[in-house]
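Using the hints, put the two chains back together into the complex; each one sits in its own frame.
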Amino acid sequence: MCGPVHCHNPIHCIVPPHMLRVMALRGDTSVQQMARALLYQNEEVREERAEHMTGGVVPEDGRTGLFMSSALARSVPERHVCNRRIFDGEGKAALPGNPVRSEGDAPTGDAEVDRAYDGAGTVFDLYSEAFGRNSLDGAGIPLTATVHHRQNYNNAFWNGTQMAYGDGDGKIFRTFTELSVIGHEMSHGVVQYSGGLLYQGQSGALNESVADVFGTMTVQRKLGQDVYEADWLVGTGILGPEINGRALRSMKAPGTAYHDALLGQDPQPYHMDLYVDTTDDNGGVHINSGIPNHAFYLYCMYLGGNAWERPGQVWYRALQQINNPMATFHDWAAETLDAAIALFGAGSHEQVMLRRAWRLVGIAC
Amino acid sequence: MMIEVASSGGFGGFAAGGVSKQLDVTDADSQQTYCETFDPGALSRLEAREPNPGAADMQTYTIAVTDDENRRHVFRLREDALPPEMLDLIDAM
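Protein sequences, first through last, are from chains A and B.
Sequential numbering of the first sequence, starting at 0, is according to numbering that gives the first Met the number 0.
Sequential numbering of the second sequence, starting at 0, is according to numbering that gives the first Met the number 0.
Extracted from the complex, chain B is given alone in its bound form (with noise of 0.2 Å):
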């Protein structure tokens, strides 16, 4: 399973101020916990939650899954849509 990463905006409004990662999970440590953090099924329910309307300057975050049978999948999200677990992650990817 491979994980990319990339966020843009926030305060400043621009993509330089954002992280481009990627990570191949069979090379994680952590594989198991990535693996079900990051599960396509887990972020396509992110994805369908209205973020909270009150909220500004946050980062939009876009991530793309390749599973095990090469298959990707593209999500974008709001970061506050995101787990405090799964954007640690992010971090320390």
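The following block holds chain A by itself, in its conformation from the complex (with noise of 0.2 Å):
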């Protein structure tokens, strides 16, 4: 990455692209400038990149290159006060567009609008009420969120700093704003803010996976079911009108989702002896991440009860604590056992039901 005419500094030779990417992700933001300045061949970083974006992991008290998630960081419990902001891009692609929702307004009579306001509403009760979890960074951020965003736009997604949700073409998405669409986003917040993922391979399909897994729990908890009660998709009712599809993906059963003319067949795997190598996708994130996601609907057959007690508890627990954002499934894996170990002690039916559940998918741990 670096030629001898560029190469002032020893790091730009020593520090290989990825590792500079986990620190532009987790640094504090002199780190963050130095290693996106590295990437960008001195390029300036963005502004907004680096005016909103925190790794969410903090040092440990006086252990020396030791760090923590931020959200379990904080000793003292606070008030958690849900602050949703709701933008209409009208159509355009400029971000945050003009506001029209803010917390406490009425409804604004616009489905898109109050969807996405309701939804931020549920996603952030469970984290507060479940896991304990001040909004997306542990620390109060502002729910902010654009609905219309851009014409005909089939897409979703988290931009490190916001939501954003397109109204679909009509033909093979009719909406972006369903319960566990805005769960799965904003979750991808929780996990940049948790110490971070990188979109990429294993560990990409993990951040997928986590997003998932808290999309169909804001889902569950909201309609009070129970693991046996639950459908397990992802995406139900988004698909347009002519697609043979009940929604995106399935927990329950990845790869059964939807089977139509115009998108095929769905592709997520649900064994490890399935996995599926691309250089689509960001490495398949959107595909392999049905190992994860079986893994967690089994354990969750296993325990019974609600998703977002124990099942959820081990998850959450282990997304604060890996601190490893190239993790692979089998690290995932031993860190949710090292959760259900400190939750439920070593030897308890929590923790033989995960080893099992991870084993049916492939994955010895």
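Please note that a few of the clues may not be correct.
In silico DSS-like pairs for lysine-lysine, Cα to Cα no more than 27 Å straight-line [to be verified]:
| id | chain 1 | residue 1 | chain 2 | residue 2 |
| --- | --- | --- | --- | --- |
| 1 | B | K20 | A | K170 |
| 2 | B | K20 | A | K221 |
| 3 | A | K170 | A | K91 |
| 4 | A | K251 | A | K221 |
In silico contact screen, one side only, chain A against chain B (beta carbon under 8 Å); selected entries [claimed, not checked]:
| id | residue |
| --- | --- |
| 5 | R20 |
| 6 | A92 |
| 7 | A155 |
| 8 | N158 |
| 9 | I171 |
| 10 | H187 |
| 11 | G195 |
| 12 | Y198 |
| 13 | N243 |
| 14 | L247 |
Output of the computed footprint for chain B on chain A, the stretches with three or more beta carbons under 8 Å from beta carbons of chain B [claimed, not checked]:
| id | segment |
| --- | --- |
| 15 | 202 to 214 |
| 16 | 284 to 293 |
Treat the hints as calculated values from the structure; they're not laboratory data.
For every residue, glycine included, the Cβ atom is placed at its ideal position computed from N, Cα and C.
Below is the structure:
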């Protein structure tokens, strides 16, 4: 990455790009700026990124070089206050757009605006009440979302700062403000502020899976469904009226959410033997997420009850503790086992069943 | 100048939800705007930038520009690397 002309600083030649990306994701402001400057080959970082990105990890007290999730580091309980800010993109790409509904405002009558507002509140409540987390960053960050993003836009995303939802083209997608999608996008924010999982290959698939897990958990908690009553679908009802499919993904049966002439077959695997090696989709992040998704589903089936209770607590603790943005599926499985032991004890039913769930998807830990 | 744009990925992870468009700029109303916005040099600088590592579910754009000397320049960019003005022009194509 560095030619002799530009190699003024030894770190240019010593630090590989993947480490620089971790530093850009997780460092404090000065480290982020340094890492990005190197990655950009001395090109300036866009200001909005430097302003808003934080990696969500802080140094552990008195332990040089060790970091922990900033959400877990908060020793004094604080009052959690939801602060939603919904914007109308009016079909344009500029973010965030025009403010249309802020916290406490009455419904607007625009279904997309009101679903984004209500959904953000439901996700906030999940993290606050079930996991003790104050918003996406653990420190009460406002929840900013833009609806009506661009024209016929078939996507929703988290851009590091806010959520954005297109309206769909009416053919393939009809909306993106469905609760599991909102929970999914907001959970990408939680992942970012929990130390992050790099959006490529297995760590990227874990990032996607965590977003699906907490997205479906949001729906289940809202509907008061236990793990046996839930449908375990992500994106129910968002596909167009002519598409042959129930949803975008199924955690219960990955690979079966849709089967359509236009979209083809849902490509998600449920087992490591079916892992898809591809360069598309950032190394198949939306494909191979089916494997950890299914492990979570199986674990829930073993434990019963509500997903946001014992299984969700294990997944949430693992996310806060993993401290490895390049984690593999095996790393993640091991971290969830550590979390189960910490929460329920070595040899506990919760730990034994978790190991069994991972084995059933082809991951021994 | 000819501009071809294709996108894939995003929340769905598949190509079908993306766009596939092309525009012969000589026939476009805003010829100057398109030429400036899709200048290969500008696209090359955008492509060199590192995307936001915390972002997720972004679509990927493949943009091919064939210049007046019939040279084809192909760029692959994540959507958050594209300025909103460029995305609006793509939507209008």
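Hints, one by one, checked against the model:
no., hint, in the structure
1, B:K20 - A:K170, "holds (17 Å)"
2, B:K20 - A:K221, "violated (41 Å)"
3, A:K170 - A:K91, "holds (20 Å)"
4, A:K251 - A:K221, "holds (19 Å)"
5, R20, "holds (5 Å)"
6, A92, "holds (4 Å)"
7, A155, "holds (5 Å)"
8, N158, "holds (5 Å)"
9, I171, "holds (5 Å)"
10, H187, "holds (4 Å)"
11, G195, "holds (6 Å)"
12, Y198, "holds (6 Å)"
13, N243, "violated (13 Å)"
14, L247, "holds (6 Å)"
15, 202 to 214, "holds (count 3)"
16, 284 to 293, "holds (count 3)"
Hints 2, 13 from the list above are not met by this structure, while the remaining hints are.
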